[in-house]
Structure formats: C-alpha cells, structure tokens
Amino acid sequence: MLLRIFAFAYRNWIFAKRNFFAFFELLFWPVVGLISVGLMGGFLKLTPELLNFVLTGAITAGTLQVIQLDVAYGLLYDVWSKSLKHTFLSPVSHLDFLAGSWVIGIIRGAIVFALMTGFSGYAFEFSLPSAGYTAAFFTGISLSALIIGMLVNLLVMLYGQRVEITAWAFASLIMLICGIYYPVSQLPVAVQFFSKLIPLTYFMEYFRLGYGFTPVYTNLLLKGFGLCALYIILLYTLLNVAYKRSRKTGMILRLSE
Amino acid sequence: MGKYAIKAENVSKTFKQGVFKPKYTEALTGITLSVKYGEIFGLLGPNGAGKTTLLNILSSQLLPNKGNVSILGLDTNTMHMPDLKKLKMRINMCSGNPNFPWSLTVYEVLKFYSMLYGCGPFACSNIIEENIELFELEKYRNIRYDRLSMGTKQRLALAKSLLNEPEILFLDEPTIGLDPDIARKIRLRIAEINKKKKITIVLTTHYMKEAEQLCGRIAFIRDGRIKAIGTKKQLEKLTNKKNLEEVFLNLAS
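Residue numbers (the working numbering), protein chains in the order written: chain A, 1 to 257; chain B, 1 to 253.
Looking at chain A on its own, in the form it has when it is part of the complex (with noise of 0.2 Å):
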C-alpha cells in the first residue's frame, strides 16, 4: 500500500514540477491576496490586532486552496490525461491516491504558509502565535483540505468532468461561511447553522485566540478535529459506493475517452 501512496506522490510531484500553473497556485494567486488585504488593511487604518486577523484569513485562504487541489488533482490529472481506466485496472484504493495526492499537497501548503507568513511578518509586521496555535491550526487547514478534495473527487466519480469546478469552487464557497475575514457572528443566522458544520470554521477561532480574540464556540479543537474524522470516514465510504457505481454506470470508462 505504502508504494502506491508514494507512486500518486510522486506522480504529483512531476506534475507540480513540470506545470507552469503549479507556480502560480503556489506564489502568484496566494501572494497576490495576501498584499491586496494587507493594502486595504493599512488604508482602513486597522489595528496590530485586527490586520493580524484579516492576514490570518489571507493566509488561510491561500493555503487550504494549494493543498485541497492536490487532493483533487489525485483524481483530475487522471481525468485530463484520459488515463483514468488505467489507474483504477491496477490494484489501486482510493486510500491510496486521496494520500499520495495529500502528502505533496501537505508539502505545498507548507510552503505556501511559510511563505505568506514569512512576507506578511516582512511588509505587515504579521506575528505568528505559539507553535502549538500555528501547529493545530495547520493540521486542521490540511485536515479540512483533504475533506473538500474528498468531496470534489467524489462528485467527479459520480458527475463527470462537467463539475471538475467544484475543485476551485468549493473552497472558496467554505472559506466565505467560516469566516475568512470576519467572526461567523456577522453572517446571517441561518448561515451560521451551516458554518457550526465546517471544521474550518473552529480551526480559524482557536488560532484567532491565540491573538486574543474571544471565539463565538467553545470547545473548538474537538469540534474541529472531531468533524474532521466524521466527514472523512463518511466520505471515504461514500467513494467506495461511487467506484462500485462506476463499474456498472461505466463512469470511469467514459473519463478516459
């Protein structure tokens, strides 16, 4: 199993290599939003604490888009190269390429928050909190990066290549109901219900108190972790009835032609 984890890994990595793309998901986009909130910040004139807030949302945003396209480039470039009904002929699970795919985006998103936290601290005087903040709140941005490429791969084995854009859609649709650049109390009160069911969403208020700001939740680890493990068993469940789905539907075949 481990060979076939690290044979979508290093498929990845070629791809990542070799993609002028790839360049700009792990630089452009992410920096390119991290300078313009950092801007808006300085012209509203907000204090150490709130830009440290907004920068925080910036750098969430960046890094959870890189790694949950991983995950969703396990299936996708498969799609793109038609090659799919090769892959699925050789032994492979979904185990396997859901956690080549997260590895390389795991190292990618790395990067991406080194950097962004690394140029914010250079032009907006942003300060990381503890490590045992940045930490948690790292591995719950990869946690729910996984569940959203979960999520966009699973609608690509039921769907086609027609909803291939829930790969850039969904995170984006997330980032705005957990509260990216504000606290989920500003959304409106039926959204919020959809908000309390985003592990994102805890993971963002637990590192904002390390800043000092008082979460809206309690408990916000536990939630987040623990909403982490229900979706991702669910949604490994459901793409092993999608695979099997697939074989009668002819799905996988008709992704490779």
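One or more of the hints may lead you astray.
[Unchecked claim] Result set (EDC-like, lysine to aspartate or glutamate): computed pairs, CA atoms no more than 16 Å apart in a straight line: (1) A:248 x B:26; (2) A:244 x B:83; (3) A:17 x B:108; (4) A:82 x B:146.
Note that these hints are calculated values from the structure, not bench results.
The hints should help you fit chain B onto chain A, whose structure is shown.
The following block gives chain B in isolation, referenced to the frame of chain A:
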C-alpha cells in the same frame, strides 16, 4: 485450474443516459463465450458492435446487467474489493489510442504504473528495462508522453501492460491508426509475448489481417450479439467463404 481463463454466460449490458427522461442503449445481449488458457482470442466486428464494452466486462472494469463472468476462476459480479484487487494484479490491458499522464516521461510512466502494481522503485527497474528493450523505447526514455508519436505511445502502452507480468492481457484495437510497418511490428510482439510468456490474450480488432495472424479463435460480434464463433477455418466453412474478409462482410451485412 480449469480449462478456461475466462467464461462469460448470457452477458447483457444496457447503458442508461439522462435522469428525467432516461434513454437506454442496449450494448450487449446474451453473450456466451469462453477463452482457454494460453490462447489468443479475437473479438471481431464493425464499429459500434460492442467489442470494447465486452472487453471492459471481461476485464472486470464494467459490470453486466445480466449474466455471469468468471476470470481466472473468480466471479466478477459478486467479488468484493480485496478479491478484485488480487484479480487486478493478475490481468492488464492496452488500448488503441492510449492515454497516460502527459507530464511524465516514458520511463516515469513505466515507473509510476509498476509502483501501482506493488513494485518498489528499485526492485522494478529490471522489468521496466526489459520492456523498454522489448518495445524499442530506449531512445524515448526521457521524452515526455505528450511529445511522443502515436506509434511510440502504442508501444509504451504495450510495455505498461506487461509490467505486472499478467496472466491475461486485454488488447483493445492495439494497432488502430498506426502505420502498416509499426502495426506489423506490434503484431509480431503480441505473438511473441503469447508464445514466450504463455499469456492468455483477448483482443478486439476490426482488421482482418490482425485477426488472421494472431487469433486462434474468433468471436464475430454485431449489434451486441455473437453471430459466430470459432477458428478461422470454422468461420469460413460456416459462412461458405474463402477468407476472413469475406466472412466479415457476410456476417456484417
């Protein structure tokens, strides 16, 4: 071990398209055939006859709506994931117009798929090299897949299909769209593999020459049904024709 590597009994497949006003396309109806260990079995028929659908069912990638398929003694309909993974270790496939990850070089494609078959990055180098040599891929070793010619892509697809030393090899129109000299070379390689490694081969084609040269027995398919099955001589006798091309025209009309 029984006599047959593959057995299909009364296999039917219908595809459904659309949700609210679904359309049903009957791709295969009542297919019954068996493939002996070590033989090259051909599926011959015009475009859209159902050859590829049948090959996908025989290779466990697609499940039939009706009927049973047994591959290497294992029933694919009732098989659970661990058994399916074990079966996949013993079979492989090569398609005409092959597709692999575009950014990977020839060597990397072979390395990636060999790892998927559980071969370590160092342990598998022997089998990769053996296939690079067998399919004359040495000078393309470091060329990216998207920069290869059609013939080279096809040879790479064949090399990939032998990485796990399969007991059954499925070939879906392996020489489609190739120049005659390359197609000839590939046919020679297929015959060589079958002879040397005793691999059971099931191949689809609509080239008579290919079927004549390679296949011990042939099933002629039209409109998702088997019209005739047998050796070349048996088919010629059955239709009272002199060669396979005439048999094809007779059965296709």
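Hints and how they fare:
Between residue 248 of chain A and residue 26 of chain B, the direct Cα distance comes to roughly 14 Å. Compliance with the 16 Å bound is thereby established for this hinted pair. Proposed proximity of residue 244 of chain A and residue 83 of chain B is supported: the alpha carbons are some 14 Å apart, at most 16 Å. Between the alpha carbons of residue 17 of chain A and residue 108 of chain B the distance comes to roughly 14 Å, so the proposed pair stays at or under 16 Å and holds. For the suggested pair residue 82 of chain A and residue 146 of chain B, the alpha carbons sit about 12 Å apart, so the restraint of at most 16 Å is met.
Going through the hint list in order, the structure satisfies each hint without exception.
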